[in-house]
Amino acid sequence: MKITPQDFKEAIELADFQVKIDNIDEGYVNEISDEIFKQQPFFLTVLLGYRLDTSPEELEEIMKIYFLIWEYFKQYKNLPTKKVTEAHFEKIQNRNIQMLQYIEGEPEQNDKLKIYSDDLQNLKSKALLAAVLFRYNHKPVLLKMDEYKRGIIFVGIKSFVECFETI
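Each number in my numbering corresponds to the 1-based position in the sequence shown with 3 added.
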């Protein structure tokens, strides 16, 4: 996978966002939730839907990942004007699920890794996905989460990143 100078610049910015996210308080949560609701209501709807399937601790960490994504993308001028719709999200999510199903059928590990690499190469926000993966793979509450549930949530997270890249 090719990493660009822009990816390195964004990685530094995302490190600052991660510090901010790790130190959020109730005021920030309310403020950012209102902002998301006004600009991208479906994004907030999906996040709030996780409360039915996760523990409060898991939901908090997932919320921090969603807020990290929001902090990254809210600088894009199209974010407030073009909404991610359920249909757009489902189209991208279904494509991601189909890719995973295809990969399961690949007998060779190297072939699987090449498909993953090719898919990730198409992302414009590689640094963001790296930051999300870091949180996903280093937060104990997320590591203890059921593997299937973790996978489903991650596919949704990646799908939103791709949705925001295309608006």
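Wrong hints could be hidden among the right ones.
Stated by the list, open to error - Here are the simulated DSS-like pairs of lysine-lysine, each with C-alpha atoms no more than 30 Å apart in a straight line:
(1) 5 x 41
(2) 147 x 117
(3) 77 x 127
(4) 12 x 80
(5) 147 x 161
(6) 127 x 117
(7) 161 x 127
(8) 117 x 23
(9) 147 x 41
(10) 12 x 41
(11) 85 x 127
(12) 41 x 67
(13) 23 x 147
(14) 142 x 77
(15) 80 x 147
(16) 41 x 23
(17) 85 x 12
(18) 129 x 161
(19) 85 x 129
(20) 85 x 161
(21) 117 x 94
(22) 67 x 129
(23) 77 x 5
(24) 41 x 127
(25) 117 x 80
(26) 127 x 94
(27) 85 x 67
(28) 86 x 67
These are calculated hints, taken from the structure and not from any lab test.
Evaluated hints:
Taking the CA atoms of residue 5 and residue 41, the gap is about 36 Å. The hint is violated against a cut of 30 Å. For the hint pairing residue 147 with residue 117, the CA-to-CA distance comes to about 28 Å; that is within 30 Å, so the pair holds. Distance restraint check for residue 77 and residue 127: the Cα-Cα separation of roughly 15 Å lies within the 30 Å cut-off, and the hinted pair is therefore satisfied. For the suggested pair residue 12 and residue 80, the alpha carbons sit about 19 Å apart, so the restraint of at most 30 Å is met.
Straight-line distance between C-alpha atoms of residue 147 and residue 161 comes to about 20 Å, which keeps the hinted pair within the 30 Å bound. Under the criterion of a C-alpha separation no larger than 30 Å, the hint pairing residue 127 with residue 117 is consistent with the structure, at around 18 Å. For the hint linking residue 161 to residue 127, the alpha-carbon distance of about 12 Å falls within 30 Å, and the restraint holds. Distance hint between residue 117 and residue 23 is unfulfilled; the C-alpha atoms sit about 34 Å from each other, more than 30 Å.
Restraint check: the Cα-Cα separation between residue 147 and residue 41 comes to about 33 Å, which exceeds 30 Å; the hinted pair is violated. Restraint check for residue 12 and residue 41: satisfied, since their Cα atoms lie roughly 29 Å apart, inside the 30 Å limit. A distance of roughly 18 Å separates the Cα atoms of residue 85 and residue 127; the hinted pair therefore holds under the 30 Å criterion. Annotation: proposed proximity of residue 41 to residue 67 holds, straight-line Cα distance about 19 Å (limit 30 Å).
At roughly 24 Å between alpha-carbon atoms, residue 23 and residue 147 fall within 30 Å of each other, so this suggested pair holds. Between residue 142 and residue 77, the direct Cα distance comes to roughly 24 Å. Compliance with the 30 Å bound is thereby established for this hinted pair. Taking the CA atoms of residue 80 and residue 147, the gap is about 37 Å. The hint is violated against a cut of 30 Å. Pair hint residue 41 plus residue 23 holds up; C-alpha atoms about 22 Å apart against a cutoff of 30 Å.
Between residue 85 and residue 12, the direct Cα distance comes to roughly 26 Å. Compliance with the 30 Å bound is thereby established for this hinted pair. For the hint pairing residue 129 with residue 161, the CA-to-CA distance comes to about 11 Å; that is within 30 Å, so the pair holds. Proximity of residue 85 to residue 129 is assessed by CA-CA distance (about 22 Å); at most 30 Å being required, the pair is judged to hold. With a C-alpha separation of about 19 Å, the suggested pair residue 85 and residue 161 falls inside the 30 Å cut-off, and the hint holds.
Taken as a hint, the residue 117 and residue 94 pair is honoured in the structure, with Cα atoms around 23 Å apart against an allowance of 30 Å. Of the pairs offered as hints, the one joining residue 67 and residue 129 holds, with about 18 Å between alpha carbons and a cut-off of 30 Å not exceeded. A C-alpha spacing of about 25 Å is found between residue 77 and residue 5, which places the hinted pair at or below 30 Å, so the restraint holds. Under the criterion of a C-alpha separation no larger than 30 Å, the hint pairing residue 41 with residue 127 is consistent with the structure, at around 25 Å.
Taken as a hint, the residue 117 and residue 80 pair is broken in the structure, with Cα atoms around 33 Å apart against an allowance of 30 Å. About 18 Å separates the Cα atoms of residue 127 and residue 94, which keeps this hinted pair within 30 Å; it holds. A distance of roughly 23 Å separates the Cα atoms of residue 85 and residue 67; the hinted pair therefore holds under the 30 Å criterion. For the proposed pair residue 86 and residue 67, the alpha carbon gap of about 21 Å is at most 30 Å, so the pair holds.
Violated hints, in rising order: 1, 8, 9, 15, 25; the structure is consistent with all others.
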